[in-house]
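Chains as they are written, first to last, in the working numbering: chain L, 592 to 879; chain D, 81 to 411.
Don't read these hints as lab results, they were simulated from the structure. Bear in mind the structure is a predicted one, so any value in this text is a computation, not a measurement. C-beta atoms are modelled at their ideal positions from N, C-alpha and C, and glycine is treated no differently. This list has only true hints and no planted wrong ones.
Distance windows between CB atoms, simulated: (1) Arg-403(D) with Ala-742(L): 56 to 62 angstroms; (2) Tyr-174(D) with Ala-743(L): 51 to 57 angstroms; (3) Thr-641(L) with Arg-297(D): 47 to 53 angstroms; (4) Arg-403(D) with Leu-686(L): 20 to 26 angstroms; (5) Val-196(D) with Leu-686(L): 26 to 32 angstroms.
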Amino acid sequence: MIQLQIVSGLVSAAILFLVASGLTLIFGVCHILNLAHGAFFMLAGFLAFTIASRFADSAAGFWLALAFAPLALAALGALVEVALFRRLYRADILLQVLPTIAIVYLIGDAVRFFWGLEPLRVRTPAGLDAPIAIFGALFPAYYAVIIAVAAAVAGGIWWIVFRTDWGLLIRAIAQDRDMAAALGADVGRIFTSVFALGIWLAGVGGVLSSPIGGANLGTDMDIVVEAFAVVVVGGLGSVGGSAVAAILIGMLKGFGILVYPQFALAFVFALMALILVVRPTGLFGAKE
Amino acid sequence: MNDRARDEELDRRDGLRLTPRVRTIALSLLCSAVLVALPAFAGAPIIVGTTDTMTLALFVLSLNLLVGYAGMISMGHAAFLATGGYVAGLVSKYLGVSMLVAMPAGVLAATLLALVIGFFSIRVTHAYFIMLTLAFGQLVYTIFWKWSSVTGGDDGLIGFAPPQLLEGNVAYYYFTLLVVGVCVFALYRLCRSPFGRMLAAIRDNPDRATSIGVNVRAMKLSAFVIAGLFAAVAGALEAFFHRGMFVNSAHVITSADALVILLLGGRRWFAGPIAGAILYKVLFITIPHFTVYWLFYLGLVILAVALFMPEGVAGVGQLLKRRLADGTPRA
Chain L
592 MIQLQIVSGL VSAAILFLVA SGLTLIFGVC HILNLAHGAF FMLAGFLAFT
642 IASRFADSAA GFWLALAFAP LALAALGALV EVALFRRLYR ADILLQVLPT
692 IAIVYLIGDA VRFFWGLEPL RVRTPAGLDA PIAIFGALFP AYYAVIIAVA
742 AAVAGGIWWI VFRTDWGLLI RAIAQDRDMA AALGADVGRI FTSVFALGIW
792 LAGVGGVLSS PIGGANLGTD MDIVVEAFAV VVVGGLGSVG GSAVAAILIG
842 MLKGFGILVY PQFALAFVFA LMALILVVRP TGLFGAKE
Chain D
81 MNDRARDEEL DRRDGLRLTP RVRTIALSLL CSAVLVALPA FAGAPIIVGT
131 TDTMTLALFV LSLNLLVGYA GMISMGHAAF LATGGYVAGL VSKYLGVSML
181 VAMPAGVLAA TLLALVIGFF SIRVTHAYFI MLTLAFGQLV YTIFWKWSSV
231 TGGDDGLIGF APPQLLEGNV AYYYFTLLVV GVCVFALYRL CRSPFGRMLA
281 AIRDNPDRAT SIGVNVRAMK LSAFVIAGLF AAVAGALEAF FHRGMFVNSA
331 HVITSADALV ILLLGGRRWF AGPIAGAILY KVLFITIPHF TVYWLFYLGL
381 VILAVALFMP EGVAGVGQLL KRRLADGTPR A
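Construct the entire structure; sequences and hints are all you get.
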């Protein structure tokens with residue numbers, strides 16, 4: 592019984608981490624609070640449905656979706672950054688937040704137009720719907736895939752940020768944008784690439800979660816609000832903090848369902864509020 | 081202050097000899113006269129639409145006290161709208177009291193809630209304030225949504241109505257006009273008072289405000305509570321008008337829409353939210369006539385406004401006025 596909560600907590604932690612790490616990267620580097628992050632997540636689920644159903648009978652469909660849907664979204668994210676947010680970096684915070692709401696509306700109606708109103712089921716990739724034993728309890732093998740992919744992505748982000756030249760530039764710009772620019776860093780290009788990376792992460796999360804929850808309208812705001820909770824608890828701008836907070840909140844959701852099924856989500860928001868009051872910068876956040 | 085001096089200068093040049101004060105009074109009287117006379121020549125759909133627009137305008141005006149005057153961008157303002165409506169409805173439904181008792185009860189409950197949420201939220205600023213208010217807002221939303229044995233959950237809270245005297249659309253229209261009118265006047269006086277100027281000082285430079293002796297936290301908390309109070313009045317009016325309160329009223333999208341309306345109308349102008357609410361309602365009513373994808377077009381409008389007219393319709397008005405006045409465009 593306990594194992595069930597732990598593993599389902601880890602699965603939601605994995606998805607939350609993927610979404611929240613992109614959100615926190617974009618905020619940490621570009622200072623944009625991207626309310627549309629969940630919309631990209633939702634769009635990824637629908638793209639996964641379309642790609643996977645083209646290859647209905649082969650296992651390849653889902654993996655193709657996992658490879659290509661996030662890439663398509665990353666391209667879209669880069670386009671949005673260049674066409675829209677680049678003009679708003681010097682604007683006040685309201686003018687930066689509202690366009691992200693506009694993107695929520697645009698993507699929401701685009702999904703309604705192309706995929707309709709009904710929730711769509713994405714099939715678990717062939718061969719992975721068989722149960723396997725984790726901690727002595729039975730789970731769909733696919734759960735292990737989600738956790739593994741999220742862990743690999745977390746490692747990948749760590750490697751990019753701390754071990755590559757690109758990561759060095761990202762950290763420099765996050766710390767002091769103007770100084771980095773003065774020293775010759777191409778801030779615009781880094782912003783675009785970070786935006787694309789952040790949206791790619793949302794895309795991976797969206798595709799991975801689609802076989803469990805399906806592709807649904809309305810997930811756009813739900814996931815982004817939960818991801819905010821993760822980002823706030825972990826500390827705005829800290830990817831490592833997001834990882835810890837995602838596990839914390841995933842577990843809180845998993846076990847909260849046992850105690851008070853209707854209000855599991857309320858625990859999450861209560862934790863977020865508590866953290867903001869006792870430690871406004873989150874568990875691992877830098878000073879404001 | 082500078083703006084006022086400039087306006088007066090422009091008026092003198094135009095030969096109008098109208099001070100801004102006289103102009104404001106004249107404009108308000110004109111609007112009031114039109115609104116009072118409206119039921120005489122308008123049909124039911126317009127009466128209903130105008131009633132909704134008035135409560136919406138009050139909701140957005142209350143938010144602008146935070147956003148425009150105090151510089152605090154709340155993404156959870158719907159919590160107070162919803163609490164005002166839900167508590168008023170619940171009190172009326174379960175205690176069987178009249179609307180005129182239930183409404184103040186709803187407003188009181190929401191004001192207390194604003195005191196609690198505000199106490200925590202005003203400790204942080206900028207993006208953190210946005211996220212904290214959003215979290216509290218969704219917490220309130222979750223409670224109204226999931227506590228279905230009391231609130232009706234997805235089906236909404238129904239089973240209460242205004243007193244017989246106010247049951248008709250026109251009667252309720254006049255009731256709304258009266259309440260909203262009083263609230264708008266109160267908010268206007270508040271924004272023009274030393275309190276409003278202190279909020280603006282905090283918005284522009286919190287450190288300087290502190291150093292000249294302004295109690296920043298107390299001012300911000302007062303603004304938050306007052307904004308919550310007026311939002312609750314709007315919520316209570318809405319609840320009894322529609323004889324029901326629905327869970328969407330507490331959702332983050334309701335809070336976000338209020339910010340959108342603020343942007344459309346112009347947040348640096350007291351009447352901006354009113355202009356925004358009218359524009360939004362007109363869009364809301366017309367666009368669905370030729371497409372179901374109206375949010376898509378709303379999204380495009382938001383982007384256009386954010387990129388090209390960040391001061392909203394009010395900004396365009398100011399720009400035109402100045403261009404006409406001295407022939408030079410101003411950014």
